[in-house]
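Q: Residue numbers (the UniProt record's numbering), protein chains in the order written: chain A, 1 to 262; chain B, 1 to 275.
One or more of the hints may lead you astray.
Mimicking DSS-like on lysine-lysine, the simulated pairs with C-alpha atoms at most 25 Å apart in a straight line are [stated by the list, open to error]: (1) A:95 x B:35; (2) B:87 x A:95; (3) B:87 x B:200; (4) B:46 x B:35.
FYI, nobody ran anything at the bench for these hints, they're computed from the structure.
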Amino acid sequence: MMRAQQVSDLAWRGLILLISGFMALPLLLVVLFSFNQSALTSLPLTGLTLDWYRRLFAKDAFWPALENSLLVGFAAALLAIVTGTLAALALSRYKPRRAGLLINILSVPMMMPALIIGVSLMSYFVRFLDVPLGLWTVVLGHVVIAQPFVVLILYARLASFDWSAVDSARDLGASPLQAFFTVTLPIIQPTIVGAGLIALSISLDDFVIAFFTIGAGNTLPTLVWGLVRTSLDPTINAIATLLLALSIGSTILALRLSRYRG
Amino acid sequence: MGRKHWPLLPAGFLYAGVFVAPLLFFFVISFWSVKSRILRPDFTFKNYVATWVQYWDSMANTMAVALMIAAVTTLLAFGFAYAVRFKVGKLEGPLLFLALITLFGGYLVKIYAWKSILGRDGILNQALMELGLVDQPVDALLYNTNAVIITLTYFLLPFAILPIYGNLRAINPATIEAARDLGARRWAVMRDVILPQCEKGIVIAFTLAFLISAGDYVTPRFVGGGAAMMGHFIELQFSLGFNWPQGSAMSFSAMLLSLAIVLVLRAGFRRSLRP
Chain A
1 MMRAQQVSDL AWRGLILLIS GFMALPLLLV VLFSFNQSAL TSLPLTGLTL DWYRRLFAKD
61 AFWPALENSL LVGFAAALLA IVTGTLAALA LSRYKPRRAG LLINILSVPM MMPALIIGVS
121 LMSYFVRFLD VPLGLWTVVL GHVVIAQPFV VLILYARLAS FDWSAVDSAR DLGASPLQAF
181 FTVTLPIIQP TIVGAGLIAL SISLDDFVIA FFTIGAGNTL PTLVWGLVRT SLDPTINAIA
241 TLLLALSIGS TILALRLSRY RG
Chain B
1 MGRKHWPLLP AGFLYAGVFV APLLFFFVIS FWSVKSRILR PDFTFKNYVA TWVQYWDSMA
61 NTMAVALMIA AVTTLLAFGF AYAVRFKVGK LEGPLLFLAL ITLFGGYLVK IYAWKSILGR
121 DGILNQALME LGLVDQPVDA LLYNTNAVII TLTYFLLPFA ILPIYGNLRA INPATIEAAR
181 DLGARRWAVM RDVILPQCEK GIVIAFTLAF LISAGDYVTP RFVGGGAAMM GHFIELQFSL
241 GFNWPQGSAM SFSAMLLSLA IVLVLRAGFR RSLRP
């Protein structure tokens with residue numbers, strides 16, 4: 001009996017090792033190769049260098065793309081936390097069943113392939129509204145996919161929120177707005193910032209919607225797309241590492257702030 | 001509207017104006033026609049007929065590949081989530097963290113990573129040659145359906161792990177021990193205690209993996225060597241073909257078929273869990 005137990009423990013450990021290796025190694029390789037001297041993506045490393053980063057920063061297309069990505073990301077994150085937090089506040093006062101239904105409806109964009117969101121937005125802006133495409137159309141597209149995450153995270157936080165503090169503030173004569181800004185907001189602020197950072201990483205990571213709704217110009221992902229299509233340029237490893245650092249960095253910060261677990 | 005409801009308005013307005021309305025308009029376009037590259041309002045079903053006649057093969061292929069990806073992803077995700085929850089002790093936190101940080105990190109980066117791993121000069125070919133298993137680099141690793149399955153599974157795995165783990169976290173290990181003490185066999189514990197508890201998470205993981213991979217076009221183009229997937233052909237209608245109505249009819253056909261498949265599978269899965 002003991003023996004069978006040991007074998008099974010060993011098998012589970014092996015499985016975990018394999019799957020976590022599968023999840024971590026490809027991204028680690030990209031980071032590693034961004035510092036590798038040789039232009040070939042092969043091991044062993046021929047020596048460490050920052051050349052690929054230097055070349056990337058010397059590219060004319062890089063800086064506007066970075067600027068666009070950050071502009072779109074922060075705008076989308078800000079908008080998404082305003083609409084998402086307000087929605088979560090209203091939903092947290094509903095009966096769980098009704099709130100759950102509304103959250104499911106609001107979450108449909110998470111399940112929808114980005115391609116379909118992208119092309120439908122493009123045809124809507126171009127042909128129905130007849131407005132020029134630009135960064136702001138990308139922002140709107142990103143708010144649509146980021147908003148459900150903000151609602152989910154804030155709703156989960158508000159589920160354990162103690163409303164009695166708000167009620168006492170109201171009893172003591174605070175207006176609803178005063179109560180919100182002096183009691184509710186300070187308590188849920190870390191979660192809001194965390195949700196905002198998740199929204200930022202979603203925006204920074206999106207290629208497909210940006211590609212269809214940006215019109216002219218680039219974000220970092222559309223720049224990567226152009227580079228990968230034309231050549232196997234090792235600066236891609238550098239730009240990929242930067243993108244990873246940006247989105248993983250803000251996700252880690254978000255997790256710490258919102259204490260969100262699964 | 002009472003004052004309790006108004007905070008829902010901004011989110012609802014955005015949802016209606018930038019998600020529902022574009023989809024509705026996009027749906028309307030699927031009945032339009034194109035003449036010398038100009039869109040013309042119309043009411044024709046010919047785009048749908050063309051979709052099912054011309055693209056039937058790739059539609060079937062897309063669904064088969066997406067099913068494969070969703071099945072592999074859900075299985076791996078369940079194995080990982082289950083082991084992280086019950087088998088690794090103190091490593092539970094760090095391993096979950098690994099899944100969380102790779103969630104939003106680099107859609108394109110992940111595809112690019114696999115392209116360079118599986119490529120002719122890639123690390124896998126190198127390893128195979130070092131080990132003496134092959135004399136020359138194998139070209140067959142990249143630009144085929146297997147490469148698409150590996151890459152999309154890799155991309156979707158964290159998304160599938162989290163909902164399943166979320167359900168598993170609610171199960172007390174003591175419940176499992178109690179079932180075992182009462183004489184339940186391993187498989188019986190799995191079927192009667194664990195699986196019913198994470199039915200919801202498994203369904204979400206599978207649905208998400210299936211729908212996202214059925215609609216992806218970047219991965220097939222990058223590592224699939226033009227593997228005949230619908231997303232690829234839909235995208236072509238907007239870039240090269242300039243036939244939006246056709247692209248729209250293809251999108252709605254593919255979505256409808258995917259949705260039907262998901263609903264049938266979900267019903268089957270739920271039934272199989274009822275004794």
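Q: For each hint, tell me whether it holds in the structure or not.
A: Hint check results:
Restraint check for residue 95 of chain A and residue 35 of chain B: not satisfied, since their Cα atoms lie roughly 52 Å apart, outside the 25 Å limit. At roughly 36 Å between alpha-carbon atoms, residue 87 of chain B and residue 95 of chain A are farther apart than 25 Å, so this suggested pair is violated. At most 25 Å may separate the alpha-carbon atoms for a hinted pair to count; residue 87 of chain B and residue 200 of chain B meet this at roughly 22 Å. Proximity of residue 46 of chain B to residue 35 of chain B is assessed by CA-CA distance (about 14 Å); at most 25 Å being required, the pair is judged to hold.
The structure fails to meet hints 1 and 2 from the earlier list, while all remaining hints are met.
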